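Novice: Chains as they are written, first to last, in our numbering: chain A, 1 to 283; chain B, 1 to 283; chain C, 1 to 283; chain D, 1 to 283; chain E, 1 to 283; chain F, 1 to 283.
Just so you know, these hints were derived from the structure itself, not from any lab. The reader is advised that the hints may include incorrect statements.
What the hints assert, rightly or not - Here are a few chain D residues that face chain E, going by a calculated C-beta distance under 8 Å:
1. G155
2. N158
3. R160
4. F161
5. D164
6. K196
7. L211
8. E213
9. D221
10. I234
11. N236
12. G237
13. G259
14. L262
No experiment lies behind these values; they were computed from the predicted model shown. Don't be surprised by glycine CBs; every beta carbon is placed ideally from N, CA and C.
Number of protein chains: 6
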Amino acid sequence: MTLAPLRRIMIEPLVRAALLEDLGRAGDLTTDSIVPAGLVTRTAVVAREGGVVAGLDLAKLAFELIDPDIALDIVLNDGAIAAPGQVIARASGPARGILTAERTALNFLGNLSGIASATASIVAAVRGTRAKIVCTRKTTPGLRAVEKYAVRAGGGANHRFGLDDAILIKDNHVAIAGGVAPALRRARAAAGHLVKIEVEVDNLEQLKEALGEGADAVLLDNMSVETLAQAVAIVNGRAITEASGRVTPKSAPAIASTGVDLISIGWLTHSAAVLDIGLDFET
Amino acid sequence: MTLAPLRRIMIEPLVRAALLEDLGRAGDLTTDSIVPAGLVTRTAVVAREGGVVAGLDLAKLAFELIDPDIALDIVLNDGAIAAPGQVIARASGPARGILTAERTALNFLGNLSGIASATASIVAAVRGTRAKIVCTRKTTPGLRAVEKYAVRAGGGANHRFGLDDAILIKDNHVAIAGGVAPALRRARAAAGHLVKIEVEVDNLEQLKEALGEGADAVLLDNMSVETLAQAVAIVNGRAITEASGRVTPKSAPAIASTGVDLISIGWLTHSAAVLDIGLDFET
Amino acid sequence: MTLAPLRRIMIEPLVRAALLEDLGRAGDLTTDSIVPAGLVTRTAVVAREGGVVAGLDLAKLAFELIDPDIALDIVLNDGAIAAPGQVIARASGPARGILTAERTALNFLGNLSGIASATASIVAAVRGTRAKIVCTRKTTPGLRAVEKYAVRAGGGANHRFGLDDAILIKDNHVAIAGGVAPALRRARAAAGHLVKIEVEVDNLEQLKEALGEGADAVLLDNMSVETLAQAVAIVNGRAITEASGRVTPKSAPAIASTGVDLISIGWLTHSAAVLDIGLDFET
Amino acid sequence: MTLAPLRRIMIEPLVRAALLEDLGRAGDLTTDSIVPAGLVTRTAVVAREGGVVAGLDLAKLAFELIDPDIALDIVLNDGAIAAPGQVIARASGPARGILTAERTALNFLGNLSGIASATASIVAAVRGTRAKIVCTRKTTPGLRAVEKYAVRAGGGANHRFGLDDAILIKDNHVAIAGGVAPALRRARAAAGHLVKIEVEVDNLEQLKEALGEGADAVLLDNMSVETLAQAVAIVNGRAITEASGRVTPKSAPAIASTGVDLISIGWLTHSAAVLDIGLDFET
Amino acid sequence: MTLAPLRRIMIEPLVRAALLEDLGRAGDLTTDSIVPAGLVTRTAVVAREGGVVAGLDLAKLAFELIDPDIALDIVLNDGAIAAPGQVIARASGPARGILTAERTALNFLGNLSGIASATASIVAAVRGTRAKIVCTRKTTPGLRAVEKYAVRAGGGANHRFGLDDAILIKDNHVAIAGGVAPALRRARAAAGHLVKIEVEVDNLEQLKEALGEGADAVLLDNMSVETLAQAVAIVNGRAITEASGRVTPKSAPAIASTGVDLISIGWLTHSAAVLDIGLDFET
Amino acid sequence: MTLAPLRRIMIEPLVRAALLEDLGRAGDLTTDSIVPAGLVTRTAVVAREGGVVAGLDLAKLAFELIDPDIALDIVLNDGAIAAPGQVIARASGPARGILTAERTALNFLGNLSGIASATASIVAAVRGTRAKIVCTRKTTPGLRAVEKYAVRAGGGANHRFGLDDAILIKDNHVAIAGGVAPALRRARAAAGHLVKIEVEVDNLEQLKEALGEGADAVLLDNMSVETLAQAVAIVNGRAITEASGRVTPKSAPAIASTGVDLISIGWLTHSAAVLDIGLDFET
């Protein structure tokens with residue numbers, strides 16, 4: 001199944017807010033004073049460096065909300081790899097509108113393509129293993145849905161989207177409950193029948209406790225590659241295994257080689273650099 | 001004058017939206033099922049690596065909006081340098097609320113401290129020169145006001161905040177107007193008396209044209225250090241000089257040594273990694 | 001673990017909107033013209049019929065947002081059983097504010113207590129069986145979070161909260177996919193590791209197909225009690241079993257006796273009558 | 001004059017909010033993973049039981065806001081009677097969108113048709129008398145405008161829409177003012193010239209007091225059929241008479257036979273069961 | 001009964017929006033750069049000219065939302081007459097906040113006091129007659145509720161608040177219906193029992209038609225004083241009489257002397273000049 | 001360069017809010033009860049008095065948001081002079097929608113055309129001098145962007161749009177800083193490189209101090225014509241000169257004759273009377 005797009009009703013509020021943030025109270029002083037109202041132009045959205053594209057629907061909407069006469073013809077779809085210098089899309093129509101929407105469109109496109117590209121590079125690094133690359137809740141405030149979408153565009157998968165769509169028992173919860181087992185029991189008693197439960201374990205003792213209570217998934221936090229391998233062997237398919245803890249593109253392959261099901265990386269959404277994408281006038 | 005804080009009325013909508021994004025429809029399933037309602041605790045917000053702190057008011061508000069009984073006692077103020085392992089603030093109060101607000105508070109704090117820290121490192125790199133470090137409009141959609149605040153917290157300065165608070169004539173505007181001079185004349189004719197005008201110039205000919213028309217500032221785009229030095233000499237104080245074009249911490253000192261007034265860096269806001277900040281339970 | 005309250009940040013927008021809907025542009029014409037500004041009074045929120053209370057936090061907030069000087073002292077908590085005529089809470093303070101907020105407060109309280117009471121009556125009817133009573137997505141637009149909370153207050157459990165927190169494959173999905181098995185395979189391939197998958201089955205053949213693909217839960221739709229019992233025997237603990245299809249308080253016990261894990265009832269949220277609750281002046 | 005539709009500008013915020021409530025942060029996981037993006041289908045919105053239809057504009061908008069390529073062809077208009085099994089409308093277009101919007105569209109349609117149907121049944125029960133059936137302010141928070149519309153669709157009339165479009169003096173106001181007459185005098189002194197004044201009376205003494213002060217309407221609360229008849233005789237056309245107090249379809253005809261102008265019933269909006277309406281795939 | 005205040009829940013969204021409109025993205029650059037953070041001051045809100053005060057609650061809220069440590073002590077209440085130079089209120093607290101909120105507070109206060117003062121001057125001009133001065137729907141978009149409140153503060157009364165709280169049949173409606181009588185009959189058939197009906201009449205024939213159909217009120221549009229007097233005689237108490245049509249303070253007394261019940265004046269809300277109110281530092 | 005229009009994304013929220021404010025909860029009771037649903041009509045928007053038109057995009061949007069089948073054909077553009085009785089635009093389409101949107105459309109058009117006309121009359125009064133007419137921050141809360149646009153439509157220019165797009169040091173700031181010079185120095189130290197600084201001076205001593213510190217502009221407050229002339233001579237082109245202080249159309253020419261660059265007038269936006277514009281049915 002290909003990447004399902006985010007529906008317009010979900011992204012329109014974000015794009016409107018971003019445009020209004022840039023327009024302020026007086027609009028685009030520069031463009032309105034210099035560019036003739038009737039001028040029509042043709043531009044190319046170009047990848048200045050190679051990477052995976054994400055966010056074209058948001059860019060398209062930015063242009064359209066500024067002026068419905070601007071057409072954004074998409075050349076590469078979200079999830080596609082852009083080579084350095086490659087044209088991703090073409091915006092044509094009233095020059096004023098294109099210039100006014102440009103920065104907002106590129107901000108979305110650059111941010112999300114940066115996340116997709118970072119994801120793709122780690123996905124590539126672990127190819128051949130069973131490990132999926134997943135993001136976390138360490139996202140930019142207000143952008144969680146689109147950042148998680150960008151991770152999918154890059155070939156990654158999503159962890160839970162918020163505090164309410166799954167149970168993830170962290171170390172502090174374990175401490176308060178007085179152990180992995182009592183924490184899991186309390187969670188199980190309260191959880192709806194479609195709510196999975198994952199628990200963070202810091203050592204193999206806790207892991208066994210978690211398995212004994214039937215955790216759906218275990219978060220193996222900050223373990224060495226050796227310990228991870230042992231953990232995977234102990235789990236032996238009885239739960240989903242997730243490795244976490246400042247994973248980098250460099251450390252990922254070794255971690256993946258342990259056989260874990262998932263590697264979660266906050267860095268994908270909180271610290272990936274943007275993909276450098278620009279707009280070139282073609283006339 | 002010290003760093004002026006952002007007023008609550010400006011940041012409250014952001015913090016509310018971020019909390020609701022995380023709470024979803026069912027709230028914090030994990031915490032509500034495991035942590036007793038009456039449990040009170042004491043935690044420390046700790047810098048896991050060294051850097052400059054920014055965003056404490058947003059973090060404080062995140063805790064307060066979840067539960068007004070949570071107090072965030074601030075140890076280091078925004079703009080202060082945190083050493084690795086240093087306590088930035090202490091959150092105490094109902095454990096449920098602290099755990100529920102934790103991720104939102106840390107997301108703001110990590111993102112903004114990351115920007116402040118990146119800014120501070122470049123500011124330090126050009127110390128002794130006249131160059132100020134400024135950010136751009138390449139900000140995360142929805143977060144411009146707070147990201148620009150973070151740049152100030154890091155010792156940097158702000159470029160314009162949007163399309164409407166100054167005129168910045170870019171290369172495409174120049175091309176459409178048929179040159180730097182006609183572009184500046186059109187802008188001057190339309191600009192309000194408190195609106196400054198800056199123009200991007202790509203070479204020394206354009207620079208002279210800009211000075212001839214009395215530009216308030218010139219954006220020296222992607223010039224070599226040698227050309228920048230020549231440009232500064234030509235300007236000779238008649239306009240503010242701004243160097244731009246993929247400046248890195250490494251390239252900044254040489255650019256600053258040319259005598260430019262400003263170095264603008266999109267990377268500060270679009271690609272700085274978060275500062276790693278965590279929450280430790282102290283009991 | 002007791003019923004976790006909905007946080008104020010989640011319900012405040014609902015209560016504000018409801019009050020403004022009632023106040024319109026001119027406010028409470030009747031009260032403002034008749035009741036002296038300084039008059040203070042004492043009132044009781046009384047159950048006119050017996051039932052389970054839910055929604056006190058919303059009622060309290062309605063009074064408080066109209067006038068912070070109104071105190072709502074809660075006598076019975078959400079989830080408690082009110083006898084006919086019993087006092088649930090006492091509102092005291094400025095009479096104008098109490099009269100202005102009264103209808104909004106009672107509308108929330110009546111609606112949610114109605115849902116809680118309906119839930120409780122069916123929960124009671126299946127006591128002694130393993131069946132949990134769960135609600136559906138057939139909720140009043142805009143009120144899903146609070147209506148699902150009311151179900152919990154009545155002793156029921158919640159099905160998924162929306163289209164995005166679990167996968168529920170309905171008959172139309174099955175038809176489009178060409179069968180239960182291919183539908184489940186497609187869903188499994190796309191689902192995140194914390195996303196459970198349930199599938200609707202209309203007969204025992206489909207049920208076996210679902211079990212063969214490892215469905216987490218099966219929705220046994222509109223089956224007779226006999227077929228349900230067979231289904232439960234076939235499943236034999238390998239999946240969660242949910243019975244659905246116009247269940248009534250009358251039909252629930254027989255369904256529960258088949259051993260199903262869950263009985264889902266849209267009626268709880270879309271058609272339960274309000275609990276009759278009124279406000280009496282005590283002076 | 002036929003039923004005037006609610007304008008799109010009034011219902012669009014409700015429909016958007018309802019869709020976003022269901023879509024959450026990740027959208028329709030089930031449909032996006034199972035249904036091919038290009039699949040087009042044809043479906044029928046079918047009344048599973050007989051009743052009066054209301055809410056088609058809201059349902060249509062739900063489909064359209066999810067995907068503008070979905071057409072909802074309306075077969076029966078709001079206010080029409082649907083026989084059991086009758087097709088109300090046909091939705092055709094992209095299958096994904098239809099499945100994603102289905103629940104929201106049906107929730108509006110079911111709720112509002114339930115109210116219209118309940119209203120129609122009581123309207124029918126009092127046919128031949130002068131009594132109009134009216135709803136109250138006991139509506140679902142946030143949905144007052146559309147629920148009152150549904151009452152009109154069912155052949156009923158509307159009481160006031162909020163606290164600000166008419167004066168309705170209740171028993172507590174009377175008590176505070178020290179009697180029906182002083183309450184009416186205070187209200188009259190403050191009321192705008194287009195604001196009507198109604199007063200609740202509990203007995204015939206109060207009724208006479210109200211008539212003496214020229215009340216526009218009298219709310220005859222919880223009176224027996226005999227007393228109502230006496231009251232109507234006393235009023236003798238000098239004011240509008242409204243009977244209220246837990247009226248049921250059974251008790252309505254006798255009440256109507258007393259000659260009252262209006263019978264108000266909170267149950268229409270707060271406790272009517274939904275009309276069971278489903279969506280059938282036709283291909 | 002004294003002037004009932006607008007509840008905070010109704011005015012808070014207006015005040016927040018006005019403050020954010022002024023603060024923009026960067027806040028108060030001037031004050032933040034010049035005024036020390038800790039400076040506390042004491043100021044007086046002073047009437048620079050004489051008039052009637054209105055809007056103090058909005059001004060108070062503007063200061064409070066910028067900084068809860070600012071106290072606005074009210075000296076004159078809404079509806080009171082301020083002499084030129086008189087102190088209306090005193091704002092004391094952090095100087096930064098007072099300066100930042102000043103313009104927003106004064107904009108509300110000046111606009112609303114201007115409306116109240118204009119109203120009061122016409123009310124005074126017709127004193128001794130039975131005529132009430134009423135405003136229209138010609139209000140500033142977004143401010144209707146508060147502008148109508150200001151009219152009340154000035155001693156005037158309110159016409160309907162919108163299209164939905166009364167029926168006002170204008171000349172175009174009459175033309176479409178084919179006369180005053182058919183228009184009234186259609187309106188009566190559709191109107192709720194608490195909805196009054198007023199009809200615009202341009203001559204005495206139409207007036208008689210309106211009375212014949214039992215109109216609650218008649219709008220005597222653009223009639224000469226002589227015709228108005230005849231109209232009042234014809235009506236003879238059977239309906240409320242309203243004179244309208246570019247009434248000025250000069251023409252009002254003669255119009256009032258005809259015995260009309262109401263004189264409506266759009267000018268009160270759409271064209272009254274602000275009352276000049278300033279803020280003086282007292283230290 | 002001609003007047004640049006406000007983009008739809010900036011004005012749509014205003015127009016939606018204004019329409020909903022008028023529609024309330026029940027919509028246009030009068031029109032819906034009297035005007036047949038299918039009736040189509042043709043109307044003219046007519047200037048009842050002469051003036052400069054502004055706000056046609058808002059009026060057009062008001063009609064369109066009520067019914068997309070209404071076409072507003074614009075005869076005169078914003079900024080054009082309408083003679084008394086001249087047709088400004090023609091609205092044609094469904095009569096119900098035209099009548100329902102009429103008041104909102106005219107309220108925007110009347111308010112903004114009033115501001116444009118007032119501006120134009122003063123601009124005309126100072127023709128032949130170098131003085132530009134500018135507005136202030138004394139605008140109607142919520143309408144600043146459109147009111148400033150109306151000033152431009154009338155041939156005026158805009159002062160700053162808010163507290164954040166320029167620095168304007170007022171007398172109270174000067175007092176707190178201890179003089180014009182220290183205030184300017186603090187502001188300069190904090191100001192971004194594209195932020196201009198203006199300072200209010202009350203006498204020629206302060207003026208010289210301001211020039212000595214290199215102020216970009218000086219606000220010459222409440223000075224006599226003689227003093228203004230001296231001030232202009234002293235400035236001698238070193239700063240922009242702005243005269244302010246209760247300027248009226250009468251006093252403006254003499255002030256302009258002093259050679260000041262700008263005359264700022266709060267009255268344009270806070271007290272200009274509306275331009276009387278009406279809607280005539282043409283059929």
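Novice: Does each hint hold? Answer for all of them.
Specialist: Evaluated hints:
no., hint, verdict
1, G155, "violated (13 Å)"
2, N158, "holds (5 Å)"
3, R160, "holds (5 Å)"
4, F161, "holds (7 Å)"
5, D164, "holds (7 Å)"
6, K196, "holds (4 Å)"
7, L211, "violated (16 Å)"
8, E213, "violated (16 Å)"
9, D221, "violated (16 Å)"
10, I234, "violated (18 Å)"
11, N236, "violated (17 Å)"
12, G237, "violated (12 Å)"
13, G259, "violated (15 Å)"
14, L262, "holds (6 Å)"
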